[in-house]
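Please take these sequences and the hints and turn them into a complete structure.
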Amino acid sequence: MSAVNTASVHGPTFLKEYEEFWRNSDDTSPIWIGLLFSMICLAVIASDPSTDVSEDGHQQLQIELYREKLVQCLLMGEYTQGGDYALETFMNYVYVEFRIHDDAQKDIWFLLGLEVNLAKRMGYHRDPKHFPEITPLKAEMRRRVWATVLLGDILISGQMGMPRMVRDGEFDTAEPRNLNDEDLNGETTSLPPPRPETEHTTAMGIIARRRLLIALGTISDLTASLSPCSYADIMRVDGTLEQAYISIPPPLRMKPMASSVTDPPQVIMARLFLRHMFCKGKIMLHRRFLFTKPSTEHENTYSYSRTACLDAALGMLHIQQILDEETCPGGQLFMMHWRVGSIMNHHFLTATMVLCSLIHGRQTLGREDEIVAALRTARSIWMRKAEGSAEAKKAAQAVSIVLARAGGPRFDATLMADRPSQTTSESVKHSEDGFLEGFVGEQIMPDEQMFLVEAFMSDEMDIGMDLLPPFNRLPDKLPTEMLNSEQLGGPASHGDPTTSEWVFMDDQEQYQ
Numbered sequence: 001m002s003a004v005n006t007a008s009v010h011g012p013t014f015l016k017e018y019e020e021f022w023r024n025s026d027d028t029s030p031i032w033i034g035l036l037f038s039m040i041c042l043a044v045i046a047s048d049p050s051t052d053v054s055e056d057g058h059q060q061l062q063i064e065l066y067r068e069k070l071v072q073c074l075l076m077g078e079y080t081q082g083g084d085y086a087l088e089t090f091m092n093y094v095y096v097e098f099r100i101h102d103d104a105q106k107d108i109w110f111l112l113g114l115e116v117n118l119a120k121r122m123g124y125h126r127d128p129k130h131f132p133e134i135t136p137l138k139a140e141m142r143r144r145v146w147a148t149v150l151l152g153d154i155l156i157s158g159q160m161g162m163p164r165m166v167r168d169g170e171f172d173t174a175e176p177r178n179l180n181d182e183d184l185n186g187e188t189t190s191l192p193p194p195r196p197e198t199e200h201t202t203a204m205g206i207i208a209r210r211r212l213l214i215a216l217g218t219i220s221d222l223t224a225s226l227s228p229c230s231y232a233d234i235m236r237v238d239g240t241l242e243q244a245y246i247s248i249p250p251p252l253r254m255k256p257m258a259s260s261v262t263d264p265p266q267v268i269m270a271r272l273f274l275r276h277m278f279c280k281g282k283i284m285l286h287r288r289f290l291f292t293k294p295s296t297e298h299e300n301t302y303s304y305s306r307t308a309c310l311d312a313a314l315g316m317l318h319i320q321q322i323l324d325e326e327t328c329p330g331g332q333l334f335m336m337h338w339r340v341g342s343i344m345n346h347h348f349l350t351a352t353m354v355l356c357s358l359i360h361g362r363q364t365l366g367r368e369d370e371i372v373a374a375l376r377t378a379r380s381i382w383m384r385k386a387e388g389s390a391e392a393k394k395a396a397q398a399v400s401i402v403l404a405r406a407g408g409p410r411f412d413a414t415l416m417a418d419r420p421s422q423t424t425s426e427s428v429k430h431s432e433d434g435f436l437e438g439f440v441g442e443q444i445m446p447d448e449q450m451f452l453v454e455a456f457m458s459d460e461m462d463i464g465m466d467l468l469p470p471f472n473r474l475p476d477k478l479p480t481e482m483l484n485s486e487q488l489g490g491p492a493s494h495g496d497p498t499t500s501e502w503v504f505m506d507d508q509e510q511y512q
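Per UniProt numbering, residue 1 is the first one in the sequence shown, and the count goes up by one each step.
Incorrect hints may have been included.
[What the hints assert, rightly or not] Under the rule of at most 27 Å between Cα atoms (straight-line distance), these lysine-lysine pairs were calculated in the DSS-like manner: (1) 106 x 385; (2) 69 x 120; (3) 16 x 69.
Note that these hints are calculated values from the structure, not bench results.
Following this line, the structure appears as structure tokens:
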């Protein structure tokens, strides 16, 4: 159960209810049965991936079965009316949908809207101290659940390039206490004091993520605002992010993998996730200043932002490398492989494009060799993921072009090994032409002959709260097989992997 814990249930209470279910299933609500199906489904998702095709197909059938039953239970239980476990079960459903897709899906963002509105309708955005009839156990679980709702809002809204749905001032739910599930029970009349933050508990990961996401929410609001902000505001929020990271409890602070050999995989994964969220915040906050010229005579006005953004992008790709190595069979994080989902990959893509932009703009801050080495490692990872991810395929080809154009001794002749009939220069030109053809309705600088990053780094990309990698607008088939708008179903689609249609919660539909 700990392997798939999503902060939705109190473990000891759920086990008691599970035993009661087998004694008297007739009186069990459909929503609780849906919760059970959701946990079984997550357990199947978290199980070891099989190299056997038939076994893998059987696993997918199991996921589809439990997913279907979960949706049916939500509908039968009229989840929109609220009640015990209605929000928790729906949260698990959103989490299932999120985990079974390798790339960004706008439909999951729509589901998030339902989740947030259901949470507000049930009062989770208000601290339980306002409701004396709520027991201490339920009060503490509501705080944990609300923190998880906030995290999903920041991550999924950001992945879609949209402002977050819950703003500061709209909630007053307090931070959960640092307690184990065993510290709480249904007979508790008052909450016990929190354990020291040097002691890892069931709630510690939720607490650490909540502290960091409060700072990320401030960054989100700042970058999504239509009103200009001063550089002093940027630096003030940067300080807020730094303080939030410092406030992470000691057991979850980043440390080298060599020093983590005796730590549980869940703890190591939590450290990597928190560090990658910190890097995400740095990139969100400072990327706009990578190529901005100061309006004053001081050339070093934005030097901190440029260095911070570069360090964050390199740090993000270092985490990608660690996860790529350690989630393989035999790796220390193999049992956590399923936790590396589309959102983390989205952030890795963003970091990749930041480094590509620095190479392309010749603004490497004297660290070109370090950047090129990171991009080469990232490219190899994207190439391995390309078979199952359209975004990874586009990223791999984009990075290949950037590295090829870097020229000199850094040119990698193996980039075009799959095209033996062409010379290297012809292959590079062919790839570039394919990328240029992929930009529908966008103007490419003729002297550059490259897709790269002016649009990505421009203020126009700040409409949303997060970074949308520019290859989201590249064609699905690269480099030259561009699908026109009629093939894609209309002018609104341009090969964007987030535009696939999906019908929500219709039990007559086959879920794709």
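* Which of the numbered hints are not met once you compare them with the structure shown? -> none
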